[in-house]
Amino acid sequence: MNTPNRLLLTIVCEAVLEPLLEAELPPLGVTGYTITDARGLGTHGRRSGAWRKEGNIRVDILCDPALAERVAEHLRREYEAHYGLLIFSSPVEVHSA
Amino acid sequence: MNTPNRLLLTIVCEAVLEPLLEAELPPLGVTGYTITDARGLGTHGRRSGAWRKEGNIRVDILCDPALAERVAEHLRREYEAHYGLLIFSSPVEVHSA
Amino acid sequence: MNTPNRLLLTIVCEAVLEPLLEAELPPLGVTGYTITDARGLGTHGRRSGAWRKEGNIRVDILCDPALAERVAEHLRREYEAHYGLLIFSSPVEVHSA
Amino acid sequence: MSFEPVVLFFLLGVAAGLARSDLKIPSSIYDALSIFLLLAIGLKGGVKLAEHADGGMLLDGAFIVLAGALIPLIAFPLLRWAGRLNRADSASIAAHYGSVSVVTFSVGVTFLAQEAQAYEGHMIVFLVLLEIPALVIGVLLARHGQGTVKWGKLLHEVFFGKSIFLLVGGLVIGYLAGPQGIQPLDKLFFDLFKGVLALFLLEMGLVAAGRGADLLARGPFLIGFAMVMPLISGFIGVLTAWALDLTLGGALLLATLYASASYIAAPAAMRIAVPEANPGLSIGAALGVTFPFNLFVGIPVYYWMAQTLYRFGA
Amino acid sequence: MSFEPVVLFFLLGVAAGLARSDLKIPSSIYDALSIFLLLAIGLKGGVKLAEHADGGMLLDGAFIVLAGALIPLIAFPLLRWAGRLNRADSASIAAHYGSVSVVTFSVGVTFLAQEAQAYEGHMIVFLVLLEIPALVIGVLLARHGQGTVKWGKLLHEVFFGKSIFLLVGGLVIGYLAGPQGIQPLDKLFFDLFKGVLALFLLEMGLVAAGRGADLLARGPFLIGFAMVMPLISGFIGVLTAWALDLTLGGALLLATLYASASYIAAPAAMRIAVPEANPGLSIGAALGVTFPFNLFVGIPVYYWMAQTLYRFGA
Amino acid sequence: MSFEPVVLFFLLGVAAGLARSDLKIPSSIYDALSIFLLLAIGLKGGVKLAEHADGGMLLDGAFIVLAGALIPLIAFPLLRWAGRLNRADSASIAAHYGSVSVVTFSVGVTFLAQEAQAYEGHMIVFLVLLEIPALVIGVLLARHGQGTVKWGKLLHEVFFGKSIFLLVGGLVIGYLAGPQGIQPLDKLFFDLFKGVLALFLLEMGLVAAGRGADLLARGPFLIGFAMVMPLISGFIGVLTAWALDLTLGGALLLATLYASASYIAAPAAMRIAVPEANPGLSIGAALGVTFPFNLFVGIPVYYWMAQTLYRFGA
Ligand SMILES: Nc1ncnc2c1ncn2[C@@H]1O[C@H](COP(=O)(O)O)[C@@H](O)[C@H]1O
Ligand SMILES: Nc1ncnc2c1ncn2[C@@H]1O[C@H](COP(=O)(O)O)[C@@H](O)[C@H]1O
Ligand SMILES: Nc1ncnc2c1ncn2[C@@H]1O[C@H](COP(=O)(O)O)[C@@H](O)[C@H]1O
Ligand code: NA
Ligand code: NA
Ligand code: NA
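Residue numbers (our numbering), protein chains in the order written: chain A, 232 to 328; chain B, 232 to 328; chain C, 232 to 328; chain D, 11 to 324; chain E, 11 to 324; chain F, 11 to 324.
These aren't lab readings, by the way, just hints derived from the structure by calculation. Backbone N, C-alpha and C fix where the C-beta goes; we use that ideal spot for every residue, glycine too.
Label-pair ranges, simulated between beta-carbon atoms:
1) D/Q190 <-> E/K160: 48 to 56 Å
2) E/A123 <-> D/L83: 50 to 58 Å
3) E/H154 <-> C/E304: 28 to 36 Å
4) E/L28 <-> B/R308: 25 to 33 Å
5) F/M67 <-> E/A123: 45 to 53 Å
Some, not all, of what chain F presents toward chain A, calculated at C-beta under 8 Å:
6) S37
7) V217
8) A278
9) R281
10) I282
11) P285
12) E286
13) G290
Just chain A, with the same shape it has in the complex:
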């Protein structure tokens, strides 16, 4: 039941990217993700979330290491230069089917 070797890939980025990610992630092989609204501070300054498009989103993707790397690479290539973006991952154990 426990699938080892799975990663939780977490992406924090500008909310304006949400529709773009929703379109681009599935073709990369992503079959599921979870999005929450966030605000924050980073190299691009303070993002207060005072209005929707000015805030951040946090996207969590449970996937295998290869897919995680593919997604991370895509995002770095497309968005890192010009958008607030943070990507990290950690190994997790899956308890649902």
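Once you have looked at the hints, place chains B, C, D, E and F with the ligands on chain A.
Just chains B, C, D, E and F with the ligands now, with coordinates in the frame of chain A:
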């Protein structure tokens, strides 16, 4: 101060389950949890969070491995068959008392 | 590209502390954080988030172990005695620049 | 009916949804709008009730509930055998169609205002009464002969779920406070009603656009059902109203109630009580097809039915 | 008072809370409603002030603040010695009761409207003035002889916290714009006021249901305090109003202000300034007991007190 | 203009921002307010259009769009060579200034109401037309000779982005429903308009406080640009209006449209189409400087310009 061997159990499920979980978790031995609103994509399709009950929630529970397994088992038994549900865990180090 | 040895420090606390943390974290050396709204249960009872100041926030900080310890220590000293507070961390791999 | 603005707002929402506009009604605003509408309708009904309540209403109500109970009992075999859906889905969809849509009802009221037709104010009491039996019948159909029902949870969801609770709450407050007492609240709850309804329909359009597309992928049966069923229920409504000697306006509203399918109370209740049913099917049919069908086709058709019956049946 | 609809909304909220209905006012809507109420009250006060401000008001204000400062000074020893609460909790609760509740005040205004009683428009100025000293006294009581006070943070919270800031801001805008200038805003801020108040009370009922239950677990002393203290404060208010020769309506409002306990401004300020106090006790007492007590019992009693004193004291 | 309350609300927001008050308009309320304003303006324009649309308007519109296209073409070289900004930032800021601010326009309408000046109702149609070419020109300037443009995404963002979509949607609904049909919605969309505008300006003040501070750190050029550019554009607007023989009120509104800088539609579109531009610069200038400049200085100045030209040019 640092308690090793603690897990962060994360549950992503339909928002409609929130009151049920709030009632069922404490009797299982859960003494604390943190809930955030979320939206997402999974095998049950897109959950856009366009209105409250149509969205997801993310429940994080800091606990020991035995309790985590107990909670996961309960949720799998009760809700996995018919509800959108994702459960995973990862080891964390606790820094507060 | 992958920076090993980074931690994700997660803080769950009362929403009333948000402006205080925003002022106190950067002087400790924190250059970035991500905040999401949350609700929860803990030793200080249920925090339903029914109105803003009554809810919790979750602050995630990607940093090195030394900074994580510094932040955790500061929070323990200043807030643990009187506020709802939970701090934990886990190692993560960073995929963005 | 074509240039009624509240209906145009629905179309605007559909257009935004289909064009993948970034227009979004935040979920908390959706909640606030629906709380407003439910309370306002309840209050209006309560005030009407305070003005003239009588014993005959009780009898009428019982009859209306009984006739309304036919709807899920007709829908279920249609879905199960003609549509070859499984038991849980058939039962859940039947419950949605037996239950009622408060917003469709409001559009019916708007339609009557345009046609300058009077109606029985206590129609709203019947709206509340109709919501409940359909859900119970749906669960009985789903569980017939198998499994156990969490009746406690279901009944709690039905009676204390937001929709019924606010409708009944508004009704009671309106009744106790009376027209005089409610008057200072008129500027919020009555004067703004139609504007808020328009905004809510904008959101409904956004959601329906997505739901309708989902449903198209499911094959044509359910889509056909979602247009034929309201015609059947609407006809039952007109007959019932005629049998009870309601006004013409009352007949249209009863037909609209019978013909409408719930997408606020029923989905929440069914998700709890019949979790193995696929909510995509029931909400898709109710919101993606039946709701716009009633707005554009159903309501005028029921009106015509009622006029015809009342002319010849008189 | 019993069938006043805004109070019925409070009861509806309590019922929803006790019945564990899934009815929830989203937190952003709660925030929006409270911003609306605070601004509207401030604006109304400012307009009244623009119509007739005079120097006598300043003197009255000073007297009212001084008399009001008695309240936390009476509450603290009661809590500390009769109630055996610790210093921090006693001080924090004293500050909540010294401070005022804008919503209770609004219900008082609604009550006067029903009774067709006039009152001094600049009462709202006193509302703002009363908010501040109680919080400072509370902190002084908590810190007396021990620990240091983060005065900077406290005063910032008091003056720039949402409540006072919006009240004062509305007051200034209303004063500068005057009745003529504010008139185009009337349809939002004044016409809808009572309806918005009703919705806010619905939410307050929801919250109070939970708070009251918490408090019941704490033993009876605090519950008793939460009903006796407002009677004491209300009596001081009636006396003060009489001494200052306010109208009968003004006397009711001053008594209501004194008797009400804050649950918007004070909790936030005390959480920052006296963090070791348990917020459950103060909010539980203020919102779970005193608020409904004032709605149902207090306001009519203060009105009777005022009528009696004004008749015999004249 | 100084005591116009909606402008005072802006100042109150600025004060709250500078004083680091904890006052916050929740983001969902911000969204709801902006949806309301966009729809209401669209509806009002549509109703006016239904009352008197004619062919001359089309020609006027074409001329107004062409003259308006001058604005980004003037702004770009100013920013690029006088301000030594890079190509992307210059193009993005130029697009913001070529585009228009719906809220500034609304304040202009409020100003005319105070001055009791009539204006052409179809001004709102021009507002919508003006929004689009500036964004396209901005992208062309940014991409001139280098890189590829995601035109699909850009045009989608422009036409189906919330702002234009709601304005056009409201326009169409207002036109189709006509004054009679819209009348039941008046109590929401028209009567409450100014109050909602006031609340929106409160939020704008909060945001502008932060943005202005950011910008101060950037050096004086952009701040100067943000005050000189609207004067240039406003003057072009007055000239254009005069050439087209618009009313004096129409001249003020056209000048206000030209002079205003977008901070709802343009930021979203530019973030997608020219992501290498720093949004802090464009929003800082548009919202932190130009918006308050137009409120306090610009609108009265354009009015004076128009009066002068109309007197001597007649
Ligand atoms: N060290 C960090 N820890 C947690 N979140 C961060 C960190 N740095 C950046 N972020 C988040 O990522 C967003 C974009 O980061 P940046 O591109 O650095 O501005 C910020 O607004 C934060 O929400
Ligand atoms: N691979 C995944 N990564 C992250 N979240 C997921 C994933 N799969 C599912 N989820 C979340 O879990 C919810 C229920 O999943 P499902 O039951 O697969 O529809 C979805 O709506 C997502 O929010
Ligand atoms: N075991 C736990 N797991 C997850 N979150 C917790 C846990 N304990 C406490 N929390 C969160 O931390 C907040 C403060 O905790 P406490 O100080 O224990 O009341 C709670 O409101 C929860 O959101
Ligand atoms: Na029905
Ligand atoms: Na008081
Ligand atoms: Na412009």
